[in-house]
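Chemist: Single-letter residue listing:
Number of protein chains: 2
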Amino acid sequence: MSVSRWVRVTTGVANGRPTAYGLLSGPHEGVDVTKRPTLADVAARAGLSKTAVSLVLNDRPGSRLSADAVARIHEAARELNYRPNAAARSLRLGRTGTVGFISDEVTITRFASAMIRGLLDIADEQETGVLIAETGNHPKQLAKALEFMVDRQVDGLVFGALTARLLELPTLPESMRAVTVNCVSPTVPTAVLPSEEQAGYAVTRQLLDAGHGAGLAIIGNAPVAQSDPHISVTIDRRFNGIHRALLEAGVTPVAVEEFEIWEPWHGYDATKRVLESGAPVTGLICLNDRVAFGAQQALTERGLRVPDDVSIASFDDDEIASYMRPALTTARLPYEEMGRQAMELLLRPEDSPGEHLVEMPLQVRESIRPLG
Amino acid sequence: MSVSRWVRVTTGVANGRPTAYGLLSGPHEGVDVTKRPTLADVAARAGLSKTAVSLVLNDRPGSRLSADAVARIHEAARELNYRPNAAARSLRLGRTGTVGFISDEVTITRFASAMIRGLLDIADEQETGVLIAETGNHPKQLAKALEFMVDRQVDGLVFGALTARLLELPTLPESMRAVTVNCVSPTVPTAVLPSEEQAGYAVTRQLLDAGHGAGLAIIGNAPVAQSDPHISVTIDRRFNGIHRALLEAGVTPVAVEEFEIWEPWHGYDATKRVLESGAPVTGLICLNDRVAFGAQQALTERGLRVPDDVSIASFDDDEIASYMRPALTTARLPYEEMGRQAMELLLRPEDSPGEHLVEMPLQVRESIRPLG
DNA sequence: GTCTCGTGCTGAAAGGTTTTAGCACTGGCG
DNA sequence: CGCCAGTGCTAAAACCTTTCAGCACGAGAC
Numbered sequence: 001m002s003v004s005r006w007v008r009v010t011t012g013v014a015n016g017r018p019t020a021y022g023l024l025s026g027p028h029e030g031v032d033v034t035k036r037p038t039l040a041d042v043a044a045r046a047g048l049s050k051t052a053v054s055l056v057l058n059d060r061p062g063s064r065l066s067a068d069a070v071a072r073i074h075e076a077a078r079e080l081n082y083r084p085n086a087a088a089r090s091l092r093l094g095r096t097g098t099v100g101f102i103s104d105e106v107t108i109t110r111f112a113s114a115m116i117r118g119l120l121d122i123a124d125e126q127e128t129g130v131l132i133a134e135t136g137n138h139p140k141q142l143a144k145a146l147e148f149m150v151d152r153q154v155d156g157l158v159f160g161a162l163t164a165r166l167l168e169l170p171t172l173p174e175s176m177r178a179v180t181v182n183c184v185s186p187t188v189p190t191a192v193l194p195s196e197e198q199a200g201y202a203v204t205r206q207l208l209d210a211g212h213g214a215g216l217a218i219i220g221n222a223p224v225a226q227s228d229p230h231i232s233v234t235i236d237r238r239f240n241g242i243h244r245a246l247l248e249a250g251v252t253p254v255a256v257e258e259f260e261i262w263e264p265w266h267g268y269d270a271t272k273r274v275l276e277s278g279a280p281v282t283g284l285i286c287l288n289d290r291v292a293f294g295a296q297q298a299l300t301e302r303g304l305r306v307p308d309d310v311s312i313a314s315f316d317d318d319e320i321a322s323y324m325r326p327a328l329t330t331a332r333l334p335y336e337e338m339g340r341q342a343m344e345l346l347l348r349p350e351d352s353p354g355e356h357l358v359e360m361p362l363q364v365r366e367s368i369r370p371l372g
Numbered sequence: 001m002s003v004s005r006w007v008r009v010t011t012g013v014a015n016g017r018p019t020a021y022g023l024l025s026g027p028h029e030g031v032d033v034t035k036r037p038t039l040a041d042v043a044a045r046a047g048l049s050k051t052a053v054s055l056v057l058n059d060r061p062g063s064r065l066s067a068d069a070v071a072r073i074h075e076a077a078r079e080l081n082y083r084p085n086a087a088a089r090s091l092r093l094g095r096t097g098t099v100g101f102i103s104d105e106v107t108i109t110r111f112a113s114a115m116i117r118g119l120l121d122i123a124d125e126q127e128t129g130v131l132i133a134e135t136g137n138h139p140k141q142l143a144k145a146l147e148f149m150v151d152r153q154v155d156g157l158v159f160g161a162l163t164a165r166l167l168e169l170p171t172l173p174e175s176m177r178a179v180t181v182n183c184v185s186p187t188v189p190t191a192v193l194p195s196e197e198q199a200g201y202a203v204t205r206q207l208l209d210a211g212h213g214a215g216l217a218i219i220g221n222a223p224v225a226q227s228d229p230h231i232s233v234t235i236d237r238r239f240n241g242i243h244r245a246l247l248e249a250g251v252t253p254v255a256v257e258e259f260e261i262w263e264p265w266h267g268y269d270a271t272k273r274v275l276e277s278g279a280p281v282t283g284l285i286c287l288n289d290r291v292a293f294g295a296q297q298a299l300t301e302r303g304l305r306v307p308d309d310v311s312i313a314s315f316d317d318d319e320i321a322s323y324m325r326p327a328l329t330t331a332r333l334p335y336e337e338m339g340r341q342a343m344e345l346l347l348r349p350e351d352s353p354g355e356h357l358v359e360m361p362l363q364v365r366e367s368i369r370p371l372g
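Chains as they are written, first to last, in the UniProt record's numbering: chain A, 1 to 372; chain B, 1 to 372.
There's no promise every hint is true.
Repeated chains share a single entry, so a pair holds when one copy, or any two copies, can fit it.
Straight-line Cα separation of at most 16 Å, EDC-like style, residue types lysine to aspartate or glutamate; simulated pairs [stated by the list, open to error]: (1) K144 x E337; (2) K35 x E127; (3) K144 x D68; (4) K50 x E75; (5) K35 x D151; (6) K144 x E125; (7) K272 x D309; (8) K50 x E344; (9) K272 x D121; (10) K272 x E258; (11) K140 x E105.
Honestly, the hints are just simulated from the structure, not real lab data.
Based on the provided sequences and hints, a complete structural model is requested.
Modeler: Put into structure tokens, the structure is as follows:
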């Protein structure tokens, strides 16, 4: 059916609420035009019972109605443009065909919005709606959002976070399905996370393979973030991957710049320091793209060119990575894929507890030059 | 109440659906622990009728219950941790306390996610939930989303778009409240748009006031976008503002670069062309920040510095505008404020048809140098 | 003593769906 | 003929809320 065929026909108000919906004057006569048709209307028009209509329209197996009856019901439903009333169905069934997405600020900031894309994608495939709430990291807001969702009897909950951290969630109703994306919580067994160890390893190898073992610098070492799961549970793994690659190759970086917040200006400052120190740097592992962006600004100011003089590899595949000249080689944070995974896990009938890692694919672009 | 107090107590399943919810073993005895309490449970505990409970809990004016009765009901509700069943209420009331947000790709791309922030902000204040759907510009998806929302009996609809264009929407049920944000539709009378004329004027004046009248270039003239409302209904106004300022000052640009798609590489190419043409350019009006970013890359490659040699002003206040060195002076696209406005208009009881313009504030940063 | 009115409260219907239990009929078998 | 099984269909309950209509009772007016 097409929604566009619904129009209000009178402006009458009954019981303080408008009820006057109906079909555009169309080919079918004898239809009550004052309100949305119900099962009873379809039943009347088909000359059968509500039970029969419900059975047929939901084609329940085992209900043995004559082919004629089935045809009449379908015809009547089509003619009346019947759509079931979601509230009534929810009331009866105890489920709503709706899931909730609660995050700190995934939806409302630009960084991880691809996560929503993934979520909505799968939800849509499964004819499921998504209710959204953001907490801005306030426990009060979280409690409120949760209460709202539970009251609406959502069929499941997805918890998301901007940075992959440990979340403090209240205990959920035990029958409530839930998945965390880009975060973990002791109260939710199923979690979807980016495969950071692999990414750390891949990024580092990319520079090592290009021959930068002798002049490698790390821009953005973050010991605090590494050790505090409330800041991140995955940064640690990213560094583990980096170190595994270095260890394997027997390489020690010529410089390691430490700072916890990864914004362009920090990358700029840190890289400036490295350059001023005179360390013989030929390759930069920047801990994210914004840091890499700042690093490049510092290099440019020094008259150094990427990748001719210094190569850069990085993490995230932020918008900025593709705007840079040269475009940045970086390990992509797979937000969309994580969103898809989460929704699939949530909607799947069986449980799938545990950590589900999603690969961070290396986007190889032009910021690395092979040496000699 | 706190949601965390709900836990499943048995794993029993009735009618094929789990119903076993209850209070954590707490201070109150004699409460049925097997399911969410209903009005009837509260009534029983308070020794009154369902009617009385409903009346009191919704504190309907004109219902004259004794102070004692009111107290008993509140107490019982609190003890049982009663929360009304949203589906039942919707069924009865015909409204849901939920609005729908349908857009092409506002939620799922990074550009306009602040719009959602504004929407959710206000929705939250008004205890309203938000159902989200994205159409990716497919009419099929749009119809599906609309149908879904109408079926769920949302109390209103917000239509959003990434670029401020004319939308083709099916006729809505006439009683359905609706607002468009950053887009317009003949079927929806209330629209929220950015105040582009004012922004065009302000940006241009900023360069003129700094003395760049003699060396002004426009990077990103877009005649097609200007004249096709399906691409944009506001770009036109942006140019009108620019031209009004120029006309007023009696200024003719020394160069006008035309291209319809405003990505960094286009800005880069266009600026390169201008520089190669030898036009005596001292100030660039870039039609968005990404174009400005590309322009700066071209300038830098030519050994020209911003703002020392060339000044830049731009539109949008994209992420990138604040990352650039120097940070970019730009007229902010007020997505968040537009979102707030839209939700306020939607939730307001009276209608407010017409166009609601939201100011685009000029973010004055360091990319403009006053000429001697 | 009857009527009227105000007070405090309640029964029952309505909203639209799903599902259980079961009715009425036919045909086949013993 | 009696019984059983199968076929085609339906009545009614249940889900939980809101609200209309109205009951019972006591006080005051006439």
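Chemist: The structure should be examined with respect to each hint, and the outcome stated for every one.
Modeler: Hint check results:
no.: 1; hint: K144 x E337; verdict: neither (28 Å within a copy, 23 Å between copies)
no.: 2; hint: K35 x E127; verdict: neither (25 Å within a copy, 28 Å between copies)
no.: 3; hint: K144 x D68; verdict: neither (51 Å within a copy, 30 Å between copies)
no.: 4; hint: K50 x E75; verdict: within (15 Å within a copy, 41 Å between copies)
no.: 5; hint: K35 x D151; verdict: between (28 Å within a copy, 13 Å between copies)
no.: 6; hint: K144 x E125; verdict: between (29 Å within a copy, 11 Å between copies)
no.: 7; hint: K272 x D309; verdict: within (15 Å within a copy, 24 Å between copies)
no.: 8; hint: K50 x E344; verdict: neither (34 Å within a copy, 41 Å between copies)
no.: 9; hint: K272 x D121; verdict: neither (43 Å within a copy, 41 Å between copies)
no.: 10; hint: K272 x E258; verdict: within (13 Å within a copy, 38 Å between copies)
no.: 11; hint: K140 x E105; verdict: within (15 Å within a copy, 30 Å between copies)
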